[in-house]
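Novice: Using the sequences and the hints, build the whole thing.
Read off the chains here:
Protein chains: 2
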Amino acid sequence: MLGSIEAGGTKMNCAIGDEHGNIFKQAQFPTTMPEQNMQQFIEFFQANPVDAIGVGTFGPVNVDRQSELYGTILDTPKLAWRFFPFLQTLKANLNIPIELQSDVNVAALGEAACGAGKHDRTVLYITIGTGIGGGVVTDKQFLRSVQHPEMGHVWIKRTPEDTTPSNCPFHTDCFEGLASGPAIEKRHNTNAKNLPADHPAWELEANYIAQGVYQMMLAHGPDRIIIGGGVMNQPQLLPNIKRNIKTQLNGYTYYPALANLEDTIVLPKLGDNAGLVGGLVFAGQIKKMK
Amino acid sequence: MLGSIEAGGTKMNCAIGDEHGNIFKQAQFPTTMPEQNMQQFIEFFQANPVDAIGVGTFGPVNVDRQSELYGTILDTPKLAWRFFPFLQTLKANLNIPIELQSDVNVAALGEAACGAGKHDRTVLYITIGTGIGGGVVTDKQFLRSVQHPEMGHVWIKRTPEDTTPSNCPFHTDCFEGLASGPAIEKRHNTNAKNLPADHPAWELEANYIAQGVYQMMLAHGPDRIIIGGGVMNQPQLLPNIKRNIKTQLNGYTYYPALANLEDTIVLPKLGDNAGLVGGLVFAGQIKKMK
Numbered sequence: 001m002l003g004s005i006e007a008g009g010t011k012m013n014c015a016i017g018d019e020h021g022n023i024f025k026q027a028q029f030p031t032t033m034p035e036q037n038m039q040q041f042i043e044f045f046q047a048n049p050v051d052a053i054g055v056g057t058f059g060p061v062n063v064d065r066q067s068e069l070y071g072t073i074l075d076t077p078k079l080a081w082r083f084f085p086f087l088q089t090l091k092a093n094l095n096i097p098i099e100l101q102s103d104v105n106v107a108a109l110g111e112a113a114c115g116a117g118k119h120d121r122t123v124l125y126i127t128i129g130t131g132i133g134g135g136v137v138t139d140k141q142f143l144r145s146v147q148h149p150e151m152g153h154v155w156i157k158r159t160p161e162d163t164t165p166s167n168c169p170f171h172t173d174c175f176e177g178l179a180s181g182p183a184i185e186k187r188h189n190t191n192a193k194n195l196p197a198d199h200p201a202w203e204l205e206a207n208y209i210a211q212g213v214y215q216m217m218l219a220h221g222p223d224r225i226i227i228g229g230g231v232m233n234q235p236q237l238l239p240n241i242k243r244n245i246k247t248q249l250n251g252y253t254y255y256p257a258l259a260n261l262e263d264t265i266v267l268p269k270l271g272d273n274a275g276l277v278g279g280l281v282f283a284g285q286i287k288k289m290k
Numbered sequence: 001m002l003g004s005i006e007a008g009g010t011k012m013n014c015a016i017g018d019e020h021g022n023i024f025k026q027a028q029f030p031t032t033m034p035e036q037n038m039q040q041f042i043e044f045f046q047a048n049p050v051d052a053i054g055v056g057t058f059g060p061v062n063v064d065r066q067s068e069l070y071g072t073i074l075d076t077p078k079l080a081w082r083f084f085p086f087l088q089t090l091k092a093n094l095n096i097p098i099e100l101q102s103d104v105n106v107a108a109l110g111e112a113a114c115g116a117g118k119h120d121r122t123v124l125y126i127t128i129g130t131g132i133g134g135g136v137v138t139d140k141q142f143l144r145s146v147q148h149p150e151m152g153h154v155w156i157k158r159t160p161e162d163t164t165p166s167n168c169p170f171h172t173d174c175f176e177g178l179a180s181g182p183a184i185e186k187r188h189n190t191n192a193k194n195l196p197a198d199h200p201a202w203e204l205e206a207n208y209i210a211q212g213v214y215q216m217m218l219a220h221g222p223d224r225i226i227i228g229g230g231v232m233n234q235p236q237l238l239p240n241i242k243r244n245i246k247t248q249l250n251g252y253t254y255y256p257a258l259a260n261l262e263d264t265i266v267l268p269k270l271g272d273n274a275g276l277v278g279g280l281v282f283a284g285q286i287k288k289m290k
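Listed in order, the protein sequences are those of chains A and B.
Residue numbering for the first sequence follows this note's numbering, beginning at 1 and increasing consecutively.
Residue numbering for the second sequence follows this note's numbering, beginning at 1 and increasing consecutively.
To be clear, the hints were calculated from the coordinates, so they are not data collected in a lab.
Treat the hints with care, since some could be wrong.
Which copy is meant is left open, because identical chains are indistinguishable; a pair holds if it fits in one copy or across any two.
Mimicking BS3-like on lysine-lysine, the simulated pairs with C-alpha atoms at most 27 Å apart in a straight line are [stated by the list, open to error]:
no.: 1; residue 1: Lys157; residue 2: Lys246
no.: 2; residue 1: Lys290; residue 2: Lys25
no.: 3; residue 1: Lys140; residue 2: Lys287
no.: 4; residue 1: Lys78; residue 2: Lys290
Specialist: Written as structure tokens, this is what we have:
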């Protein structure tokens with residue numbers, strides 16, 4: 001039996017299942033203080049013993065297995081979690097192999113192994129929701145980089161008409177600051193869900209998402225691009241994003257996946273389960289490693 | 001003995017040496033027709049036998065070892081080279097293990113193994129010259145992606161004063177189109193070398209380079225960033241680039257290498273030899289793989 005943990009800004013999820021991503025049992029707790037949430041995870045896995053656990057957590061977090069701070073949350077605005085030794089605390093209380101990655105890298109692994117990227121080699125997964133983030137997986141393996149990407153903070157060019165301040169506390173014009181769900185809400189003074197499908201807000205949103213995705217395509221060379229998150233529940237967005245990326249490439253389709261964007265860019269298949277499924281696949285890899 | 005090939009748009013270089021990147025003998029030919037250049041490489045390695053060859057070539061090129069088109073040049077504006085089977089031609093004539101990567105990925109490996117990134121884990125290498133490109137190496141291994149990055153075509157925000165058309169045939173506002181050597185020349189009607197160190201052109205150039213490097217930092221999470229290429233021979237550029245990236249991050253220093261940019265971003269150490277040295281290191285890895 002394998003274990004999975006998905007630590008989010010508002011909810012904590014954990015599950016047991018198998019290396020194919022099948023979930024047998026799961027639990028959810030609100031995100032509160034780190035000590036309380038850790039105790040909940042520990043009790044869950046004491047009651048449901050597993051051979052290994054794959055963890056995906058909100059970041060920034062140290063994901064360098066060779067670092068002394070591996071598994072420690074970094075400089076997050078969630079003050080109680082700042083520099084909290086997430087992985088170390090779990091390991092000290094559960095005597096099994098546990099490894100940790102960023103939430104979006106683990107969700108990318110879930111979609112790459114069991115979802116919309118199942119038959120592909122390099123999968124770029126980008127989620128557009130309360131925040132914006134992205135992960136990359138090749139041959140079901142995480143990026144080797146010492147730090148996880150922070151794709152939500154790359155630059156976006158505003159349209160001249162868009163004068164709403166960015167929703168990012170650091171950047172006036174970044175992807176997350178202009179295109180996340182709360183950024184849409186700030187611009188239109190209403191929840192994005194209340195904007196009709198033909199509202200010009202969605203044209204702007206497709207343009208901004210396309211800019212962010214375009215940059216990460218060129219940075220990573222994927223053959224599959226999966227765009228998920230709550231904002232993507234608007235069905236009019238995906239075709240508009242593809243059209244915008246084609247315009248941006250302007251014929252610069254240097255490898256086949258780019259020439260064939262209509263098929264290359266897809267929605268996720270695992271919905272809200274991508275993180276937990278990815279954690280189980282990760283746990284299967286951890287078990288084999290040991 | 002190991003071999004190295006560096007295929008550039010104007011010059012072809014090859015060398016023999018060891019896995020530590022020591023070059024014992026080298027040769028150079030002008031880039032002409034593919035058949036002629038291949039014959040020159042083959043004759044060089046027939047006269048100087050080696051156990052394995054690492055190739056770095058201009059792109060776009062298929063670098064996916066599992067593809068039938070691995071080692072084939074893709075849709076390049078150099079018409080004679082379009083879809084030329086570079087690796088296949090070498091392999092058919094030299095009965096030794098040969099592998100191929102993009103020129104900038106191989107130069108990144110050279111700098112990561114033997115140059116300015118020798119003591120670092122994830123090295124982002126960006127070259128600003130006639131073109132702009134970048135590569136990433138972690139623990140002396142290439143990115144796993146099925147395609148090499150094309151960092152030269154990410155978006156740059158122009159300053160309002162800059163109205164010179166882009167030098168890229170595809171994109172009005174990309175990194176290469178606005179910040180390569182020929183882009184500077186187009187903007188100021190003179191070779192970049194003729195512009196004095198206090199010319200405002202260098203402020204603009206530092207701003208543009210910083211934008212491109214910033215995006216690739218967030219995309220790849222490196223702990224060392226090396227910026228090379230002919231344009232970087234202007235000593236006033238590097239400090240200005242660092243200052244601009246700090247302004248762009250605006251406190252978003254989510255992991256230590258970003259908080260410490262003054263030390264993280266450096267010039268290359270191998271100069272024009274990065275590609276050939278990288279090819280030798282690559283050849284050493286190929287020999288061990290077989």
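Novice: My question is about Lys140 and Lys287: at a cut-off of 27 Å on alpha-carbon distance, are they close within one copy, between copies, both, or neither?
Specialist: both (15 Å within a copy, 26 Å between copies)
Novice: Using 27 Å as the alpha-carbon threshold, which applies to Lys157 and Lys246: within, between, both, or neither?
Specialist: Cα proximity of Lys157 and Lys246: in one copy and across copies (17 Å, 19 Å).
Novice: If the cutoff is 27 Å on CA atoms, where do Lys78 and Lys290 land: within, between, both or neither? Let me know, please.
Specialist: neither (33 Å within a copy, 49 Å between copies)
Novice: From the Cα coordinates, with 27 Å as the cut-off, is the pair Lys290 and Lys25 best called within, between, both, or neither?
Specialist: within (24 Å within a copy, 45 Å between copies)
Comparing the model with each numbered hint stated earlier shows that hint 4 is the single one that does not hold.
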